[in-house]
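**Q** So the protein lines, in turn, are chains A and V.
Oh and the first sequence: position 114 is 109 in our numbering, straight run, nothing missing.
Basically our numbering = 1-based index in the second sequence + 547.
Keep in mind that the hints are not guaranteed to be accurate.
[Unchecked claim] Taking CB as the label site, the calculated pair distances span:
1. A660/V with P80/A: 23 to 29 Å
2. E120/A with S686/V: 57 to 63 Å
3. P80/A with L796/V: 45 to 51 Å
4. G586/V with A209/A: 51 to 57 Å
5. S686/V with A44/A: 58 to 64 Å
6. D613/V with P80/A: 29 to 35 Å
7. Q158/A with D613/V: 36 to 42 Å
8. E769/V with A101/A: 28 to 34 Å
If you are wondering where the hints come from, they were derived from the structure by calculation, not from laboratory data.
We put the beta carbon where it would ideally sit given N, CA and C, even for glycine.
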Amino acid sequence: MTGTRAAGNTPVREAARRGALLQLVRPVARTVPWWALAAGGGLGLLAAALPRLSGGEVAPWAGVNALRAAALCFALGAAFLLDDPARQTTAAVPVRRVLRHALRCALVLPPAAAWWSAAVLLVPEEARPPVGDITLEAATALALALAGAAFAVRRRGAERPGQAVAAFLLVTAVLAPLLSPSEWALFTAPGDPRWADAHGHWTLLLGAALVAVAVCCVEPVRRRTLRTLRSPSRT
Amino acid sequence: MSPTVSASGLSLQYGATRALDNVSLRLSPGVTGLLGPNGAGKTTLLRVLATAVPADRGAFTVLGHDPSGARGRQEVRRRLGYLPQTPGFHPDFTAFEFVDYVAILKELTDRPARHREVRRVLDEVGLADVRGKRIRKLSGGMRQRVALAAALAGDPAFLVLDEPTVGLDPEQRMRFRELIATAGEGRTVLLSTHQTEDVAMLCHRVVVLAGGTVRFDGTPAELTARAAGRVWSSEGRDPGALAGWRTGLGTFRNVGDPPPGADLLEPTLEDGYLLTLDGAAAEVTA
């Protein structure tokens, strides 16, 4: 081994890991598919601005749906966040996948927050839904997109899962309001008596999506198939 | 000498397909060739040994480290270089930037030392002149060398190369063979290939894999010897041959069990390989 790699005890390893993470910021920032996020964000801002652009008084349902459309557009762009054409080339490196994915997410979070603030401000105040609740919906959409991408990476080692995940997310977003049972209504309007319950469900969904992201970002050290679960002993 | 890699009973199944079936092998310093037809399980075995995918069953160690736990896997990864079958790149990176990126992922965190190492491996693969060029502007052969440089970064003790010469023209292939031969000096290299010439020229040992199982494990000379007395020349294609093809001289070269009085020929590694594959070889008839 060359002397460039930190070797030996755990503290040195920890320092190496931290050092690697800091030095990864710049190259990883260059590998983030900013074009997809920009396209999703741009379309989202357009969707959020539509009620204001249409003129006249804006109904609360129009405001909430504009922000939902905006959040969906951004989530579609975020589905490409884990696209990495060099995934196979970097499949067996010591810096863990979970750290690399976390770094990508961390890089995107500040611009995403700024973008969402702008989207919310584009909706006229009188039509603006409760900001905390609609932000919860947007965060869930983003988390679902990331969970889908992380699942595809873990399951198939997909280099570019973005397109398939975005398509799946779009279809789900269209079908969910039509197919979800009324007691599990997610897409309610402000003032609807089910609004609070619906956001309880959004919270559950967000929690589940974040757990899925966390689980899928970790590289498995052993395969869990029905066959191995039935016979777990490894020779 | 204790082996660099020691694997026993490795098995892996994708759905109904058994990609690896109870594979055991030991690898020592030098270049070991891994031969086998398409779907033999070569890439799966390499991916398992590179810790890119875990096996369903079985165990292996690399320099004494067991990758069946997260910590052990990290230790193995700190000691290996992996060139996948179809390496991908960030095309807007220059060759230097990409290898530097992989070097950071290999925890080479001392920047000046890492940059020296990146320059060293790019020199080693003959890309010193184009290290500032974007990968999108490099030829296929040059990209393959960038991927090899990335695998070599950090001077790994165990190098896993999955069909590195596929798609290269003869001159590039010869250049790659030189690189692999150099890389095999002092470290353990596992080279998957379809090219028996690669194995004949580079490897001190060869493993033949078919149907997910090891069919042969020995020296190239031993594999060639399997075909001794089983290669013959004839005017027409011998229907009793396992495989046969017309040569440039107009005669047929047959492999299998020769008829009495056949005009026997000197066997090659490829003949031994075809006979080792047994039934699979019958599909190779021309």
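**Q** I want to verify a distance hint. Is the separation of the beta carbons of E120/A and S686/V within 57 to 63 Å?
**A** About 59 Å separates the Cβ atoms of E120/A and S686/V, which means 57 to 63 Å holds.
**Q** Is it true that the C-beta distance of E769/V to A101/A lies inside 28 to 34 Å, as the hint says?
**A** violated (55 Å)
**Q** Quick one: are A660/V and P80/A within 23 to 29 Å, going by C-beta?
**A** This hint holds: roughly 28 Å between Cβ atoms.
**Q** Indicate whether the distance between the beta carbons of S686/V and A44/A respects the range 58 to 64 Å.
**A** violated (47 Å)
**Q** Does 51 to 57 Å hold as the CB distance between G586/V and A209/A, or does it fail?
**A** Taking Cβ atoms as reference, G586/V and A209/A lie about 35 Å apart, which means the hint is violated.
**Q** Lying within 29 to 35 Å: is that true of the beta-carbon distance D613/V to P80/A?
**A** Cβ of D613/V to Cβ of P80/A: about 32 Å, so the range 29 to 35 Å holds.
**Q** Is it true that the C-beta distance of Q158/A to D613/V lies inside 36 to 42 Å, as the hint says?
**A** This hint holds: roughly 38 Å between Cβ atoms.
**Q** Taking the CB of P80/A and the CB of L796/V, does the distance hold inside 45 to 51 Å?
**A** holds (47 Å)
Hint compliance for this structure: hints 4, 5, 8 are not met, and every other hint is.
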